[in-house]
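Given the structure of chain A, go ahead and fit chain B onto it with the hints provided.
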Amino acid sequence: DAGVIQSPRHEVTEMGQEVTLRCKPISGHNSLFWYRQTMMRGLELLIYFNNNVPIDDSGMPEDRFSAKMPNASFSTLKIQPSEPRDSAVYFCASSLRSSGNTIYFGEGSWLTVV
Amino acid sequence: QQQVKQSPQSLIVQKGGISIINCAYENTAFDYFPWYQQFPGKGPALLIAIRPDVSEKKEGRFTISFNKSAKQFSLHIMDSQPGDSATYFCAASTSNTDKLIFGTGTRLQVFP
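Residue numbers (this note's numbering), protein chains in the order written: chain A, 9 to 122; chain B, 111 to 222.
One chain only, chain A, in its complex shape (with noise of 0.2 Å):
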């Protein structure tokens, strides 16, 4: 079965630029999670959905921020206007509400903004 799919792995932006970056969740699960990894704050929960609905979006920086999940099987975040400080890895990561919490991890997308 096919993991947690993440597209684009890698994108270099310019500051100023509308970043989208897409998720796929493994068939069958019913939350989806948005994180952000830097050095300096670790891994940042910024938003999850159960069902297609956002349960919690305390962790989303700023109004620039924003995520969408039109469906089960698909997800975006987008960044507009996107800044240097935004340059980290966004990790989606999907979990079946009945399975005790396990979470699974795709393999990030990689953001650089300059």
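Just so you know, these hints were derived from the structure itself, not from any lab. Backbone N, C-alpha and C define an ideal beta-carbon position, used for all residues, glycine too. Don't take each hint at face value.
The calculated label-pair distances, taken between Cβ atoms and stated as ranges, are [stated by the list, open to error]:
id, chain 1, residue 1, chain 2, residue 2, range
1, B, Gln182, A, Thr46, 24 to 30 Å
2, B, Asn137, A, Arg93, 25 to 31 Å
3, A, Val20, B, Ala180, 26 to 32 Å
4, A, Gly24, B, Asp189, 47 to 53 Å
5, A, Val61, B, Leu156, 20 to 26 Å
6, B, Thr138, A, Gln25, 43 to 49 Å
7, B, Leu156, A, Asn60, 21 to 27 Å
8, A, Asn38, B, Thr138, 26 to 32 Å
9, A, Asn38, B, Ile122, 39 to 45 Å
Below, chain B alone, put in the same frame as chain A:
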């Protein structure tokens, strides 16, 4: 109160030695404590997890020790191998939410 504090930040161990990573939490509502392993360029992957109804869980060379009264838990890697070199994260959550709170990570290097 939502934080999970992890130490040390980095750890160097000789092959065959024991690696020990510690975590502490404040929120007594936490009832699920996993450890994740992350190799460079990869996403974190679940290594082993424990619930507070037991004080220890062992899977192969990996053991979690849990001290509920002290609100601490630790990962022990016995007979550490160079292939164990990775970053390890502890985490915690409550059963009524999927939200995992991660520690800051420990970079383990095992030298031959």
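For this session: Return holds or violated for the Cβ distance of Asn137/B and Arg93/A against the range 25 to 31 Å.
Result: 29 Å, holds
For this session: Just tell me: holds or violated, for the beta carbon distance of Val20/A and Ala180/B against 26 to 32 Å?
Result: The hint (26 to 32 Å, Cβ to Cβ) is violated, given that Val20/A and Ala180/B are roughly 46 Å apart.
For this session: Go ahead and decide if the range 24 to 30 Å is satisfied by the Cβ distance of Gln182/B to Thr46/A.
Result: The hint (24 to 30 Å, Cβ to Cβ) holds, given that Gln182/B and Thr46/A are roughly 26 Å apart.
Problem set entry | Pairwise beta carbon distance, Asn38/A to Thr138/B, judged against the given window 26 to 32 Å | 28 Å, holds
Problem set entry | Supplied distance hint 47 to 53 Å, evaluated on CB atoms of Gly24/A and Asp189/B | The hint (47 to 53 Å, Cβ to Cβ) holds, given that Gly24/A and Asp189/B are roughly 52 Å apart.
Exercise. Do the Cβ positions of Thr138/B and Gln25/A conform to the proposed distance bound of 43 to 49 Å?
Worked result: 45 Å, holds
Exercise. For the pair Leu156/B and Asn60/A, does the Cβ-Cβ distance stay inside 21 to 27 Å?
Worked result: Given range 21 to 27 Å: holds, Cβ gap about 24 Å.
Exercise. How does the Cβ-Cβ distance of Val61/A and Leu156/B compare with 20 to 26 Å: does it lie in that range?
Worked result: 25 Å, holds
Exercise. Should the hint that Asn38/A and Ile122/B are 39 to 45 Å apart at their CB atoms be regarded as holding?
Worked result: Holds - the Cβ-Cβ distance for Asn38/A and Ile122/B, about 41 Å, lies within 39 to 45 Å.
Figure legend: structure checked against the earlier numbered hints; the only hint not met is number 3.
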